[in-house]
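The chain contents come next:
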Amino acid sequence: MKKFLAILLVLVMMLSFVACGGDDAETDGDAAALKVGFIYIGPINDGGFTQAMYEGAVASKEHFAGQMDFIYRENVPEDTQEVKSTALNMIDEGCNVIIACSFGFGDAMNELSAEYPDITFLHFSGAMKNDTNFDNWFGSMEQARYLTGMAAASVTESNILGYVAAHPYTEVQIGINAFTLGAQAVNPDVEVKVVYINTWGDAELEKTGAEQLLDAGADVITYHADSTAAQLAAAERDAWAIGWNYTKNDAGEKYLTAAYWNPEVYFNYALQNILDGTFKPESYYGTMKDGLIAIDEVNEAVPEEVRNQIADIKEQMEAGEFDVFTGPIYYKDGTVLCEEGQTLDRAGIWSITNEIEGVSAI
Amino acid sequence: MNLRITKRGDLPKKQEIIIRIAAVLLSIIFAGLILLVFGLNPVKIFTTIIDGSIGSKIRIQQTIIRAIPLTITALGIIVAFKMKFWNIGAEGQITMGALGATWVALHFSDSLPMPLMLFLMMLAAVFCGGIWAFIPAIFKAKMGTNETIFTLMMNYIAIKFVTYLQYGPWMDPNAGGFPKIAKFPANAVLPSVFGVNIGWIMMIVFTVLVYLFMTFTKKGYEIAVVGESVETARYAGMNISRIVIVAMLISGGMCGVVGMIQASAIEKTLISNIAGGYGFTAIIPAWLSRLNAVSALIICLAFAMLIQGGTYLQVSLGISSAVSSIVQGAILFFVLGSEFFLQYKLSFGKKTKGEVA
Chain G
1 MKKFLAILLV
11 LVMMLSFVAC
21 GGDDAETDGD
31 AAALKVGFIY
41 IGPINDGGFT
51 QAMYEGAVAS
61 KEHFAGQMDF
71 IYRENVPEDT
81 QEVKSTALNM
91 IDEGCNVIIA
101 CSFGFGDAMN
111 ELSAEYPDIT
121 FLHFSGAMKN
131 DTNFDNWFGS
141 MEQARYLTGM
151 AAASVTESNI
161 LGYVAAHPYT
171 EVQIGINAFT
181 LGAQAVNPDV
191 EVKVVYINTW
201 GDAELEKTGA
211 EQLLDAGADV
221 ITYHADSTAA
231 QLAAAERDAW
241 AIGWNYTKND
251 AGEKYLTAAY
261 WNPEVYFNYA
271 LQNILDGTFK
281 PESYYGTMKD
291 GLIAIDEVNE
301 AVPEEVRNQI
311 ADIKEQMEAG
321 EFDVFTGPIY
331 YKDGTVLCEE
341 GQTLDRAGIW
351 SITNEIEGVS
361 AI
Chain L
1001 MNLRITKRGD
1011 LPKKQEIIIR
1021 IAAVLLSIIF
1031 AGLILLVFGL
1041 NPVKIFTTII
1051 DGSIGSKIRI
1061 QQTIIRAIPL
1071 TITALGIIVA
1081 FKMKFWNIGA
1091 EGQITMGALG
1101 ATWVALHFSD
1111 SLPMPLMLFL
1121 MMLAAVFCGG
1131 IWAFIPAIFK
1141 AKMGTNETIF
1151 TLMMNYIAIK
1161 FVTYLQYGPW
1171 MDPNAGGFPK
1181 IAKFPANAVL
1191 PSVFGVNIGW
1201 IMMIVFTVLV
1211 YLFMTFTKKG
1221 YEIAVVGESV
1231 ETARYAGMNI
1241 SRIVIVAMLI
1251 SGGMCGVVGM
1261 IQASAIEKTL
1271 ISNIAGGYGF
1281 TAIIPAWLSR
1291 LNAVSALIIC
1301 LAFAMLIQGG
1311 TYLQVSLGIS
1321 SAVSSIVQGA
1331 ILFFVLGSEF
1341 FLQYKLSFGK
1351 KTKGEVA
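Residue numbers (this note's numbering), protein chains in the order written: chain G, 1 to 362; chain L, 1001 to 1357.
Do not take every clue at face value.
Unchecked claim - Using 20 angstroms as the maximum straight-line C-alpha spacing, the simulated SDA-like pairs for lysine to any residue come out as follows: (1) Lys1057(L) to Asp92(G); (2) Lys1180(L) to Pro77(G); (3) Lys1180(L) to Gly104(G); (4) Lys35(G) to Ile1319(L); (5) Lys332(G) to Gly1176(L); (6) Lys1014(L) to Phe1334(L); (7) Lys3(G) to Glu1016(L); (8) Lys1044(L) to Asp92(G); (9) Lys3(G) to Lys1013(L); (10) Lys332(G) to Ile1029(L); (11) Lys1057(L) to Asn249(G); (12) Lys1057(L) to Glu93(G); (13) Lys3(G) to Pro1012(L); (14) Lys1180(L) to Tyr1156(L); (15) Lys1057(L) to Asp118(G); (16) Lys1160(L) to Pro77(G); (17) Lys1219(L) to Ile1245(L); (18) Lys35(G) to Ile1058(L); (19) Lys1014(L) to Phe1341(L); (20) Lys1180(L) to Ile71(G); (21) Lys1183(L) to Phe103(G); (22) Lys1183(L) to Pro77(G); (23) Lys1180(L) to Asp92(G); (24) Lys1084(L) to Ala1233(L); (25) Lys1180(L) to Lys332(G); (26) Lys35(G) to Ser1056(L); (27) Lys332(G) to Gly358(G); (28) Lys1180(L) to Phe103(G); (29) Lys1142(L) to Ile1283(L); (30) Lys1044(L) to Val12(G); (31) Lys3(G) to Ala1022(L); (32) Lys1183(L) to Asp92(G); (33) Lys1345(L) to Ile71(G); (34) Lys1160(L) to Glu191(G); (35) Lys1044(L) to Leu11(G); (36) Lys1014(L) to Leu9(G); (37) Lys1180(L) to His1107(L); (38) Lys1180(L) to Gly201(G); (39) Lys1044(L) to Ile71(G); (40) Lys61(G) to Ile1245(L).
It should be emphasised that the hints constitute simulated quantities derived from the structure, not laboratory data. From a predicted model like this one, the values you see are computed outputs, not experimental measurements.
Pulled out of the complex, with its shape left as it was, chain L reads as follows (with noise of 0.2 angstroms):
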């Protein structure tokens, strides 16, 4: 008896649907068991968890303003996912694109009209985001270095490049020897349309551009091709270098708007934490929207929810934050596992002749 993996051929759209529906439930049902174990009730914390993140005015807006940073993270992480050139590095390029419009928002006269503010700090953000991701893309196009393992290091070396700042050179001297960076003035802070920062609108409309960009633009055709077939692609006469690079620079453009939104609209200054974490959470819907920008928009507002219902949750209930994680992690876990079972098979049998182990 013995275990083996094989690849799926095309799914038939219904097994497809089924294989997710039953993700969902077994989540619910091991997320359920846990929450019993401690003593919950888990319908209790499910009601909540929804109830939590669309159940009033401020949870609603807080759903958003945790899908703005997850959703256009992810669009940037899905222009280069497409080439399968794996961005691992968005953290860092949000980083990076906070700290260019940071430095605008602090060393620009205060006096500027707000709209020149902001778009020079976006315009700082996009070059700084950019060029974090253009550097893994040079090496990868001119000399082929791994890009996962340099995407993720470049991220310590812009986090801890902030800190440095945040203890040195951009040290509040009104702070009373805290380390930590001067806020904004008032004009470099994003206004807010119903109660959330415009960067709900720049969610969508980006949304909208990935996707068009995507599917109908040649770049985007030849981003496609380059991910699929790299040699296809070569003998197709495109310059490979160029579209890696042209990628990466997207990417981590999009990567730096989202730093510049958080530093903006949320905290108002730098942190070495400003990222938060996105640039790694949005990997997943991502992944999971299958490289689809629409999709990615709607399962990013379901993470979203997620995140702000984990908070009502210890809240309202008083539930240890380790509960809210469990709840989420075993969500996760189920509808990630889920994808393994949609592309590959399990099958138990003996080994037959001519094999190889």
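Next up, chain G with everything else stripped away, as it sits in the complex (with noise of 0.2 angstroms):
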């Protein structure tokens, strides 16, 4: 036992002679100005949300050249216990800013700007924000949904659309009415069926979800959650899809296209604005102008004068001439959700609290 003991002593001090020799020239000497801390929901190589938010952040990470360090965490539940944590486990290590790419990030965040008033808080979504140090960024989805519905509406052939939805929240719903809307826009017989599966991400849910909308009918499929099994699901049964988040493609020849974020637009200029000294919560709100907001290239199957049409709408929104929310419009229970005439600004989009005509959800 004892022999045995030495020589389990002797393979400990040999592992760590051997790891020793290894790398000891990652200490950076603390040059960069800035160092940044993102929280993320999934992991990283999800082809979904996190993935967005990663390769946004990697990319701002080299606009900025040297400038500033970024670290991250990823797989962070939405529960205060583990942001919170995170977070300062980040402001341990010396992060001034910290960016958290979740909604159900927020109420940590807007602890923590209270008690560390020099750390800057960024938020993904929601509408919390205070005056100096916490405030909160989105961009305008509905745009990109708009498009991806046009290209829906115009490859199916059984007239039912499928959306595999997160949580039946405003959010959410501005996605799958803005995408009704756009749908509507090219084939008014359209009907969108909705499954909501309670959570920002369980791709054995997203995937149940997407087999759900199949049986009911639908011959194309895009969702709200964060991983890309939906497009996989739509993909065994030769139905289209369309992505979410991010422009990977699980579907093969039936991937449509995907309505997608850029982040590194919106850290671009926030970093800056702190490097500079002059940040100031604005609750930041990114469009298909300033190009948080894209939509990959639309499938050769989507019919020329479609195409034309999506390009066409793109160009104005991109211009900043086009409003996805115009009048009118009914809730499906038949109440006004917008006049005849009347156009819906940020404001009346986020007061959205339902789903709209020619929605259905099982």
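Given two chains presented individually in distinct reference frames, assemble the corresponding complex, making use of the accompanying hints.
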């Protein structure tokens, strides 16, 4: 027994010698002016939301070449315990900016921004902010959703579009409604079916949700969820798929297009302001105009006429001349969302509380 | 040639220590090799875990914040396990405790003085956690149901019930349709001492109380006797049903307090994941402590170091969360594995005549 122990000890020591010969070069002299900590809800290679955020951060790091250090933590659940602990560890590591990339991270950011006035907290989505060091940022995803809706309606044969959705919450319903409006603009007979999975991301639920929709007759699937599981489910049944958050094609030939984020647009803007000392919370709302929001190339299967139409409206959006929510629009229970001749502004859009006519939840 | 497993007699203290040290060394080697395969420097990883758990004020605070729910849950589990009542339901008892505390926090006036509010929340938490433990206890006592399955299933009922409240009657009307429960008012939030919520004081007090209870009181002794042999307890004229129920009320009540601490001090609201897996994780230190309250506190602190160290590892070295899980898993694998060798011994050899296969 003692001999065994001695051998083990020797092994441990050998291991440590082998290991010590390795890298020690990564200690960089704190030259960077800012250290930024990113908190992600999913893994950085999820092919969806977190990957979009991560690659935005990578692009932004390159943009600021050497002026900033970026660190991150992935797979952080949306409970205050984990989020706060992650942010505090980052602050302890010398971060002066924390970028929290999920709606449910907001409460922890709100608390910490009061405790740490010298640190800037940037929270994706939601509406919380203060006057000095805490801001939220989001974008007009309704624009890209509208365009993908047009593409979807042009290829459907069953006139049923499937939508795997996270929570029955404003942010998600904006996307569903915009998608529906875009689809109706091309094909008034189209119907959008929605399955709520009650989580931002769970590949298994996303997949079964998509299958439910396919069973209900949908032949185009899109989603508001973190992974690309719905794309896979669609491709398996030879249905069309529309990506979300990121441009990963998991449906091969059946990949129609995607509505996605370019987060570096915001990161570059906000971090430059912090660097220059001109940062002020403003509840940033990116659009297709500034490039935070984008749509991927449209599959050739979409008729040329519709592709031209999409390109045309996209141009108008980029010029800031197109309103997705233009009346008359009715909620599915018949109440008015937007009067004839009126358009919804940002505040109006963010008070949406239900799905519009043409949408049904299953 | 065949392999036989036989129960050990009492192990000399010295050999026990050697086995434990060997387990720790093996876990270091094994985790180290995995890290090398990933192209990471094991020495750096291990020192970062230690540095990450005690290297600065914030890190120590975070370690203690993790140790609080772990320790109090482990103490609750110890009381039940001492009786060989396998309470796997701590997760649900924590959740129900949090639910009770939340009900008080959201339904009582926010002008109530803080100590009174917190006291009422605590009472509600003990009550609800206790009830959740009482149900399987009474079934066990009266009908001899299997408590392992029963308590395990109760977890999911509790968690799903919170989800129901979150999406239904308790949904915060001011959250834009987002399914969450409202935040607690300021008088329902546990205050902090030295930057950590006062749960840490409760953690120490509970450790002492459970130690004294189990070692010096009649009830504690009865619980141990029931655990050793129900027949002996019956022969000695003990009321077994009563002992089972009282012990489980204490066990569940303590887990309920954990729920109150987590809801009040950490989340400041109720979420379905309020127990955060502590109810399951705490079983390990409870078992490793050999059901001794003071050892449990120390082991839980070590566990908390591993959790906080793992978080710090990801943040400071940008390592994927999978790697830190592997390191934690490897350490647990060997430390728990050594428990087996402390109680059983393996021998190789031909089957002797007359032995039943």
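Going down the list of hints, with the structure as the test:
no. : hint                     : verdict
1   : Lys1057(L) to Asp92(G)   : 9 angstroms, holds
2   : Lys1180(L) to Pro77(G)   : 15 angstroms, holds
3   : Lys1180(L) to Gly104(G)  : 10 angstroms, holds
4   : Lys35(G) to Ile1319(L)   : 17 angstroms, holds
5   : Lys332(G) to Gly1176(L)  : 18 angstroms, holds
6   : Lys1014(L) to Phe1334(L) : 19 angstroms, holds
7   : Lys3(G) to Glu1016(L)    : 15 angstroms, holds
8   : Lys1044(L) to Asp92(G)   : 18 angstroms, holds
9   : Lys3(G) to Lys1013(L)    : 18 angstroms, holds
10  : Lys332(G) to Ile1029(L)  : 62 angstroms, violated
11  : Lys1057(L) to Asn249(G)  : 46 angstroms, violated
12  : Lys1057(L) to Glu93(G)   : 12 angstroms, holds
13  : Lys3(G) to Pro1012(L)    : 18 angstroms, holds
14  : Lys1180(L) to Tyr1156(L) : 19 angstroms, holds
15  : Lys1057(L) to Asp118(G)  : 18 angstroms, holds
16  : Lys1160(L) to Pro77(G)   : 18 angstroms, holds
17  : Lys1219(L) to Ile1245(L) : 12 angstroms, holds
18  : Lys35(G) to Ile1058(L)   : 18 angstroms, holds
19  : Lys1014(L) to Phe1341(L) : 14 angstroms, holds
20  : Lys1180(L) to Ile71(G)   : 30 angstroms, violated
21  : Lys1183(L) to Phe103(G)  : 16 angstroms, holds
22  : Lys1183(L) to Pro77(G)   : 18 angstroms, holds
23  : Lys1180(L) to Asp92(G)   : 30 angstroms, violated
24  : Lys1084(L) to Ala1233(L) : 13 angstroms, holds
25  : Lys1180(L) to Lys332(G)  : 24 angstroms, violated
26  : Lys35(G) to Ser1056(L)   : 19 angstroms, holds
27  : Lys332(G) to Gly358(G)   : 7 angstroms, holds
28  : Lys1180(L) to Phe103(G)  : 12 angstroms, holds
29  : Lys1142(L) to Ile1283(L) : 26 angstroms, violated
30  : Lys1044(L) to Val12(G)   : 14 angstroms, holds
31  : Lys3(G) to Ala1022(L)    : 11 angstroms, holds
32  : Lys1183(L) to Asp92(G)   : 27 angstroms, violated
33  : Lys1345(L) to Ile71(G)   : 48 angstroms, violated
34  : Lys1160(L) to Glu191(G)  : 33 angstroms, violated
35  : Lys1044(L) to Leu11(G)   : 17 angstroms, holds
36  : Lys1014(L) to Leu9(G)    : 17 angstroms, holds
37  : Lys1180(L) to His1107(L) : 16 angstroms, holds
38  : Lys1180(L) to Gly201(G)  : 17 angstroms, holds
39  : Lys1044(L) to Ile71(G)   : 18 angstroms, holds
40  : Lys61(G) to Ile1245(L)   : 60 angstroms, violated
Violated hints for the displayed structure, listed by number in ascending order: 10, 11, 20, 23, 25, 29, 32, 33, 34, 40.
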